[in-house]
Every structure is written in C-alpha cells, then in structure tokens.
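Once you've looked at the hints, go ahead and assemble the two chains, each given alone in its own frame, into the complex.
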Amino acid sequence: MEKISTAKKIRVFIKHNGRIIIGGTLVFLMIMMAFFAPLLTKYDPNGTDIYSRFEGPSQEHFLGTDGSGTDLWSQIVYGARASLLIAFIAQIFTMAIGATLGLVCGFFPKVDKVVMRILEAINSLPTILLIFVLGMVFGSSYFNLILTLVIAGLFGPTRYVRAQVLSLRQKEFVEREVAMGAGTLRIMWMHVLPQCSSYLLVTLGSGLSSKIMSLASMSFLGVGLPSGVPNWGTLISSGQSVLMMYPYLVFYPMLALAITIFGFSMLGDGLRDLFDPTTN
Amino acid sequence: MEPDKKILLKVRNLKQWFPVNSLLLEKKKYVKAVNDVSFDLYEGETLGIAGESGCGKSTLIRSCLRLLKPTDGSIEFDGQEIANKKLRALRPIRKDMQIIFQDPYASLDGRWKVGRLLEEPMIINKICSSKKERKEKVNELLEAVSISQEYINRFPHEFSGGQRQRIAIASALATDPKLIVCDEPVSALDVSVRAQVLNLLRDLQVSRKLTYIFVSHDMSVIEYICDRVAIMYLGKIVEIGSRKAIFEESAHPYTKALLSAVPKVSGEKNAERIILEGDIPSPVDPPSGCVFRTRCKYATEKCACEEPKMCDLGDGHMAACHLIGKA
Chain A
0 MEKISTAKKI RVFIKHNGRI IIGGTLVFLM IMMAFFAPLL TKYDPNGTDI YSRFEGPSQE
60 HFLGTDGSGT DLWSQIVYGA RASLLIAFIA QIFTMAIGAT LGLVCGFFPK VDKVVMRILE
120 AINSLPTILL IFVLGMVFGS SYFNLILTLV IAGLFGPTRY VRAQVLSLRQ KEFVEREVAM
180 GAGTLRIMWM HVLPQCSSYL LVTLGSGLSS KIMSLASMSF LGVGLPSGVP NWGTLISSGQ
240 SVLMMYPYLV FYPMLALAIT IFGFSMLGDG LRDLFDPTTN
Chain B
0 MEPDKKILLK VRNLKQWFPV NSLLLEKKKY VKAVNDVSFD LYEGETLGIA GESGCGKSTL
60 IRSCLRLLKP TDGSIEFDGQ EIANKKLRAL RPIRKDMQII FQDPYASLDG RWKVGRLLEE
120 PMIINKICSS KKERKEKVNE LLEAVSISQE YINRFPHEFS GGQRQRIAIA SALATDPKLI
180 VCDEPVSALD VSVRAQVLNL LRDLQVSRKL TYIFVSHDMS VIEYICDRVA IMYLGKIVEI
240 GSRKAIFEES AHPYTKALLS AVPKVSGEKN AERIILEGDI PSPVDPPSGC VFRTRCKYAT
300 EKCACEEPKM CDLGDGHMAA CHLIGKA
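Those sequence lines, one after another, are chains A and B. Residue 0 is where the first sequence starts when you use numbering that gives the first Met the number 0, and the numbers rise one by one after that. Residue 0 is where the second sequence starts when you use numbering that gives the first Met the number 0, and the numbers rise one by one after that.
For the record, the hints were derived by calculation from the structure and aren't laboratory data. Glycine is no exception: its CB is placed at the ideal position from the N, C-alpha and C atoms. Any given hint could be a false lead.
In silico contact screen, one side only, chain A against chain B (beta carbon under 8 Å); selected entries [claimed, not checked]:
hint, residue
1, V177
2, A178
3, G180
4, A181
5, G182
6, R185
7, P193
Result set (BS3-like, lysine-lysine): computed pairs, CA atoms no more than 25 Å apart in a straight line [unchecked claim]:
hint, chain 1, residue 1, chain 2, residue 2
8, B, K84, B, K5
9, B, K5, B, K177
10, A, K112, B, K27
11, B, K84, A, K109
12, A, K112, B, K28
13, B, K177, B, K136
14, B, K68, A, K109
15, B, K255, B, K4
16, B, K112, A, K8
17, B, K136, B, K243
18, A, K170, B, K112
19, B, K28, A, K109
20, A, K109, A, K170
21, B, K84, B, K68
22, B, K112, B, K134
23, A, K170, B, K14
24, B, K85, A, K170
25, A, K109, B, K85
26, B, K85, B, K9
27, B, K27, A, K109
28, B, K9, B, K26
29, B, K26, A, K170
30, B, K208, B, K243
31, B, K85, A, K112
32, A, K170, B, K68
33, B, K26, A, K109
34, B, K9, B, K177
35, B, K68, A, K112
Extracted from the complex, chain B is given alone in its bound form (with noise of 0.2 Å):
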C-alpha cells in the first residue's frame, strides 16, 4: 500500500447501539451492534470486512452510509463529516456511495421495469435530465452489466438470481458514484454464478475507478477479491491488514480460526482446525476486557480485566490481542 493513497472513508470510534426494552427501573440497557470502530477506506481498494452472523458486519456498512443515525463516532467520507449531517443534507452526498444488498429479489422494487429501476437514481438525483440522454445511459449501464438491451421492459421476477444482482449493480452505477458497499453480493447466489458477479465487479473496479466495501462471511469470497480485510467480533474490528497479511501472517486467534474453517481442497496440507466452542456472547452484555476470551483457548486473566488495545504489526496491519509479541 503505497502511502501516498488518498483516504475516501474515514471511520473513528464508530459506535451503533440500538436500545432495547428493559423493565421500569432497570437501567437502560443497549445492543452493542457495532462499539468503537476505526477504519479508513483508500481510494480504489477493495476493503472486504468479514465475522460470523451477528458480529455487525451489516450494521457497520448502514452507519457508514448513514441509513442509520450513528450513536457516537466521527465518518469523513470524501473530506466531509457526515456522522451528524442531518438526513435533507446528506441527500446530494448520497449518490456518491451506493450500496448492493445481499438479496436481488427484495432489493429491487417489483412493480417497476428494468429500464424505470435504472432511471430512478438518475431522476431522484436529477443526473440527465432529458427523457433520451436518460435512454442512452441505461443503455450503456445494460451493456456494462452484460445485459441485453432488449430486456429493457421486462419486471425484475422474469430475471434469474445472477440476472438480477447485475441489475442492482446497474442501477448502484447509475449515479456513477466513488464508494460501492457490497452487503454479501453473492451469498445468495448459486455457486456457478458467484465468479461472474465477482469478475463482473472486479473489471467494474477497473473501468469506473470505483472504491468497494465488501461484505462477506465467506472467506474465499473475500480472498478472492478483497485488498485489504478486517475482521470482525463482536462489534469490534479485532484485525485488520492487507488480504496478505490476512490470510498467510493472522495474527489474532479468532482470525485463525475462521481461516482453518475454510475448507481445503485435498492435496494440500490440512492445517490443523481450530473449533470455537460456545456460542457468540449477547450484545447486550459484552465480555469484559477482550470481547473474545469467553472462546479464546489461550484467554489469560490480563484479557478478562484490560480491553486489547490494536497493535500495529507493520504494513497497515493491526490486530487487538494481548497475546501479540509475547507467544
């Protein structure tokens, strides 16, 4: 990572908690979805961030688009503070960072047909004003995505899962926007189509000069494209590095165990698995000190009492264990 790189994103102390109904008299309590999260995003990178089902993953990418109001942090996206902006001021910021959810089917309104879906983000942020320079730039979204032009009038229930996806691509590059966050893009896609959303993103990357943040439980999926990757549990980045540093130098035990969870192809050596017992602790009372020790195999007394602070391994790469440089 060459240092020079601009900074599109800007993420510090982060925190997203939801409050949840206690009992008269009882002290409020709060679902701890995302506590005190740093990242920054470069210009051109693909940053993947992947956890277990619970961890915040998703929540994390609704604060930073600001679909949610952020209980406490700072988000500078583009040299600008949107943490606290006001949701009528956020409006024209909007259409520089789109988003491209998990599910084609429910993330594309029904009732209307392809070419209106594709407009719509033009109307709204009022990007080609005339009824033909709109045409021509679904169009040419159609033709990016690789899908045929004459499917312009069809309702997105006539489209296959992977048609479908191409679609929301198309119409999250509508605005020709800086950021695309991908919240699981392919996980509800058949395994055959998978490569081609992920190529077909990948060459987009290219052509449009576009930044991704991309969201995945599956660590494949994220080696195969992601340039840098943090980890989450908990609501907490416990590691972060480049997909290198990631995959070949974890440092973090939770890291190292959801990577000896991704199966091998036989031939190579099988490293040893390492299997979390216990379920993920509730939000609502996070463990103290390190959010990991209740299922970490090397948990001293140090971790019960002290919170692990990120400790830079060189390179970009950070991890929060009290276990670095000691083992």
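This is chain A alone, in the form it adopts within the complex (with noise of 0.2 Å):
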C-alpha cells in the first residue's frame, strides 16, 4: 500500500465531511459569539439613546441603531445567549424525550395507547396558543421556559420514533435478533434507535429554528423571557412594525438566525451520513 501524505489525507476528509466543517464552524462561531458578547460591543444591549434612533450602519454603530437608539449588532451578540442557549437545551431535550417515548410506545402497545391519546390531545391545539397558556400556568424562568417548549415539540419525534418502531419491528433483522435471544432494551438501542439517528440529527436544525421563533412569539405574547433579556426572536418581532421604513431591523437579526439554523443543519447533515454507512 502506498502511503498518504498527511496534505492528501486532510484533504480527502475535506472534500469528504465539507459540510461538517463548514456547519460545525457556523455554529462554533455562533457559540463563541454568545460567549465572548462583551468583549465584542461597547453598547449595553438594554441602553438607550434618544439622540441616536433609527441611525443607519456608521462607525459608531456597526449595523445602525432602533427605535430607542439602542445598538443593534449588541442586541444581536448579547441575543445571541439566551436564544441559542433556550433553543439548543430545549431542543436536545425534546429529541430525548420524544425518542425515549417513541421506542417505549413502539414496544408496548399498552403504553402507547394512553401516551399516543395525550400527545395527540396537546397536538390538536394550535402550537402557539399551547405555548401561551403553558407560559401562563408555569410563569417564565428559564427552566419552564424549556419545559414549555419540549411539550410542545414533543409530538413530532415521538410519532417518528414510534412509525420506525412499527415498521422496524417486521423487518426480518429485528425478527432474526428476537430469534438469536436479544431483549427488547437491546433492540432499541443497537437497532431501532441507530435508525432513527439521521432522522434526529437532520431535526437538530429545523427544530432549533422553530425553538427560537416559538421564544421569539412567547416573548412578543409576554409570557416568555424577561423584557429585559435580549433575545433574537424579540428583535426580530419589534423590528417588524417598522419594517418598510427601515428593513435591516428585522434583517440583521434574521441573517444571524438564518446562518445558525443553516449551521445546524449541515452539521446535522455532515454528521448523518459520517455514521450512516449505507449512504455512502
């Protein structure tokens, strides 16, 4: 065998996992972004400045100011902590949850009756007046926040999870690891839920986004976080009632949105077909 030069080689990975490289960047800027927001702005994201509203990009404000003349690219880094921060936690959770769920309901048909009936109850309101009442019934600190958005995401991944179940469980290799003696822990977790991965990891990103926009409509409804808290979803809501007269309002915070999300779902692509030997 000829040996590889270690150029060639990272190029080959390269060319290979160029989305994950690309999207884990976007969402490692992101991160960072969030992390360092300090260090990045000299405004304070809740001042105020009457002198200064509604002023287009300068030097003095990088991408202009609002209506009460606050920074927009500070609100923009300092937005991006509890934005991301909410989405990403609820998000995972609402996948664990949602597949733990889905697997046990695919597995026992007793429990699947009664979880299947709540899940589809919840379903049946529209998400965002589900949003508002369990925002009102559990008041806003970041954890009921989260709890918030994990029930009302739930819905979706369980259904999945429990279909794959369903169908996976008449395939003739789950038949055949029944047959060689495995127990049903062992099928989910070496079988099932591998299956289910790229479904997962494909929702990472559009999930995220709707966690946000769903922050974003329970902050403009008042019952999500604090007034004081600055987050993308509350730009983006406010900017709106000016949006003819002065766009970047709403389309700065949209362009950081859009780059997260678009992050995410590569990452999540990249990392589907990395572990997916049957696509490649």
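Dropping the structure here:
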C-alpha cells in the first residue's frame, strides 16, 4: 500500500466532510459570539440613546440603532446567548424525551394507547395557543420556558420514532435478533435507535429554528423571557412594526438566525452521512 | 426412518389465529393461519414444508420458534415445552434454534460490518467472552461458509445476494444451534447460486449435526434437500411422509396437483397435468369438512360434512383424505 501524505489525507477529509466543517465552523462562531459578547461590543444591549434613533450603519453603530437608539449589533450579540442556549437545550430534550417515548410506545402497545392519545390531544391545540397557555401556567423562569418548548415540540419526534419502531419490528433482521435471544432493550438501543439517528440529526437544525421562533412568539406575547433579556425573537418581532421604513432592523437579526440554522442543518446532515454507512 | 431416532421438535395441535377487525356486535373473527397442526421433527433430518403462498408455512415456523405466541397447542423442543413459556424464559433456549430468512437484504442490519454481525449472536448469548475468542470464531464461521476473511470489515450492501445469504447462514451458526429453520432461503437467489447455497446447507448439516426445517414453495428444491416432506394447505398439513413417499406415492389429491405443476425435463413422460380451479379459500372462513374440497375434483358429500383424519399409510407416511383406501 502506498503511503498517503498528511496533506492528502486532510484534503480527502475536507472533500468528504465539507458539510461538517462548514456547519461546525458556523455553529462554533455563533457559540463563541454568545460566549464572548461583552468583548465584541461596547454598547449595553438595553441602553437607550434618544439622540441616535433609527440610525443607519455607521462607524459608531456597526449595524445601526433601533427606535430607542439601542445598538443593533450589541443586541444581536447578546441576544445569541438566551436564544441559542434555551433553544438548544429545549431541542436536545425534545429529541431525547421524544425518542424515548417513541421507543416505549412502539414496543409496548398498552403504554402506546395512553401516551399517544395524550400527545394527540396536546397536538390538536394550535402551537401558539399551547405555548401561551403553558407559559401562563408555568411562569417565565428559564426552566419553565424550556419545559414549555419541550412539551409543545414532543409530538413530532415521538410519532416519528414510534412509526420507525412499528415498521422495523416487522423487518427480518429485527425478527432474527429476537430469534437470537436478544431482549427488547438491546433491540431498541442497537437496532432501532441508530435507524432513527439520521432523522434526529436532521431535525436538530430545523427544530432549533422553530424553537428560537417559538421563544420569540412567547416573548412577544409576554409569557417568554423577561423584557430585559435581549433575544433574537424579540428583536425580529419588534423590528417588524417598522419593517417598511427600516428593514435592516429585521434583516440583520434574521441573518444571524438564518446563519445559525444553516450551520446546524449542515452539521446535522454531515454527521448523518458520517454515521450512516448505507448512504455513501 | 429408524424408529429409535430422537425427536427434536414435537408439535401437537398447534393453532395460530390472528384476530381480524370486526364490526361492533359482530362475532369476533380470526384468520386461522395455522389450524391444528401436528408433526414430529427427528434429530439430524431435514423436514420440508411445502404449499402455495398463503397456506401458513411461514406462520407455522414462526410459531415453532416462538416468534409468535401460539393460540393453542403444544410445542416441545428438545424435551422442553415452549408453547407457553414467557419471552424472558425463552431467551436461553433460543440459541439452539436459529432462522434463515428468504431475503438476505432484509435480514442483515445494513449498518453493521460483517464481523460485527457475526459477533452479535455470541455477545447476546454470552458465548466466547473474550474479544480474541470471538474473532477466532468469526473467522471459523466465515471459513465454514467459504467467504474470505478479508471481507470482515465490509458492509452487507457490498455483497451479492448469494454471499449475503451465506453470511446470514454463518450468523445463524454462531451459537452452534441444534435446529435451523430455513424460510425459503433460496427463493430470492439466482438459479445459479441456488445449488451452491443448498449444497452448503447440506454440507453444514453433516459437519455440524444440524436439523433443518426447510420451507419452500419450489418442489424441485424440496426434492433436492429434504428427507421428509409435509404438504400444507390452508393452515393444515394434508400429507406428510418421506421424500420418496411424497414424490412417488403421493396420496392426497392436493399433493398430486402440486407435483404435477413441477416442470419436467423433456424426454420424461409427461404425466397428466392437474389444474386446480379457483383460488385458495379465505382462512377466515375455511370450508367445512375437508379444507381442500372446494377445489378437489374428487370431492363427495362426505368431504363437506366430515373433516378427514390423518390416516397412516405406513412408514410414517400420513395423509388426510376420505378417498384414501377407497379408490
């Protein structure tokens, strides 16, 4: 076997895992931005300056200011903290709890009947109403916000994983596994969950964006984050009222959101291809 | 068949019924996929199960392996009653009975490499505890099915159908089972690979003292590999006997029809072809009396009202038909 140089190895890795690298970099940059927010801006994300309302991008204000003269860049940078953190944690928990419920429902018909009816009942309410009601009931601590988002998003992954279980249980390789003497837990963990991993990785990106937007709607309705906490959702919804005159107030927060979602989607896709030998 | 042969699997009056969704207030209906089946399987033999599709062949073997919970009846495997055992209690017994499926594409988890696939049954059943022992065993298994050890790190989708089926066979052998149930193992394969796989199964039977139940709808395959044959129709065994008895002295009209459908090489005298009219009746409402009477040209009134008993034709050859001994 000929020796492959390190440079070539790196080139091959980049060629095959381009999406992981792009996605990973974007996600990493966003996380760093949230983490080092105070170093990236000198303005207070809540400070007001009556004399510089609705200023366009300038040397002073990198991305301009909004209606109360608050620097947009500093709002975006600080907003990444709450938005990313809460949405990410909520998404991880949604997927973990949803997948577990789906597995249990798929394997145990009795539990299935109860859990799926409850989830269907929850899902029959409009999401925004549900979030509003849950937000009102639980109150707005970080934990309760995450809990609300998780409950509201649980139906999708549960239904998907459950359907996967039901179809995989008919598959011969699972039947053979039973014939070999494997227990239910082993089949769940070794055979069914890996089959769902591509779906779960792909939903990481899309789920995250919907969580950030739900969080925004909640804040807009007054049941989300307290008014002093900057976040992208609030930023977008408050910019909407002056969209025709000052479109950049919506554009830049949207751009930040889009880059984040793009990054997570790329990362999810790349990881899926890396872990799924049947796709390459 | 020597009379002192040990019985490995003893099935008595096995019933496997599946409930069908019925309307409210309607009498609950069942699909009688396997309805009152009894047979013995002797150690070291190959029992063929033949019949047209939908006659309950696959259901029967799945109940025998307890992949399904039988509705009624008894299954005795290697001296142990397993029909009513709890799933957990079955797990230690399972390593003695393995299954090979029809479709080698569906029966191997595509995410696992060959080496890992073959280790899986050993890990589950805690055979060969150390990694090194398992590796050796995997190599030995691959050699037994003549697949090169270099392929150990390949995925199933990189193999041809015949190779995959051999990998499936290797993984069934991993726990050193006594019984291997083959559910149409060559039906999905090219004709050219078929003989190869059949010969492999035969060689393994001798070298590893295996007992087979071999399900197929292909009578020529059955004739090639089986010592004894059971013919199923609509959830029942209608005739059972040695290969010779079934292929040369078949007694049941259904068996005769089935055999006459096997294409003959030209030059042989073509026997009269028996063509069955109509379709197989619904297993939800099987015909009264003899299940085959709706398509049997010899059917009499007696066939409609009385269910034929299995009658012994000597040497383990049995058939269920009222006409036997009369014509």
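Hint-by-hint comparison with the structure:
no.	hint	result
1	V177	holds, 6 Å
2	A178	holds, 5 Å
3	G180	holds, 4 Å
4	A181	holds, 5 Å
5	G182	holds, 7 Å
6	R185	holds, 7 Å
7	P193	holds, 6 Å
8	K84/B - K5/B	holds, 23 Å
9	K5/B - K177/B	holds, 12 Å
10	K112/A - K27/B	holds, 21 Å
11	K84/B - K109/A	holds, 21 Å
12	K112/A - K28/B	holds, 23 Å
13	K177/B - K136/B	holds, 17 Å
14	K68/B - K109/A	holds, 17 Å
15	K255/B - K4/B	violated, 29 Å
16	K112/B - K8/A	holds, 23 Å
17	K136/B - K243/B	violated, 38 Å
18	K170/A - K112/B	holds, 18 Å
19	K28/B - K109/A	holds, 22 Å
20	K109/A - K170/A	holds, 22 Å
21	K84/B - K68/B	holds, 9 Å
22	K112/B - K134/B	holds, 13 Å
23	K170/A - K14/B	holds, 24 Å
24	K85/B - K170/A	holds, 22 Å
25	K109/A - K85/B	holds, 18 Å
26	K85/B - K9/B	holds, 19 Å
27	K27/B - K109/A	holds, 21 Å
28	K9/B - K26/B	violated, 33 Å
29	K26/B - K170/A	violated, 32 Å
30	K208/B - K243/B	holds, 23 Å
31	K85/B - K112/A	holds, 23 Å
32	K170/A - K68/B	holds, 18 Å
33	K26/B - K109/A	holds, 24 Å
34	K9/B - K177/B	holds, 14 Å
35	K68/B - K112/A	holds, 21 Å
When the structure is compared with the earlier hints, violations turn up for hints 15, 17, 28 and 29 and for no others.
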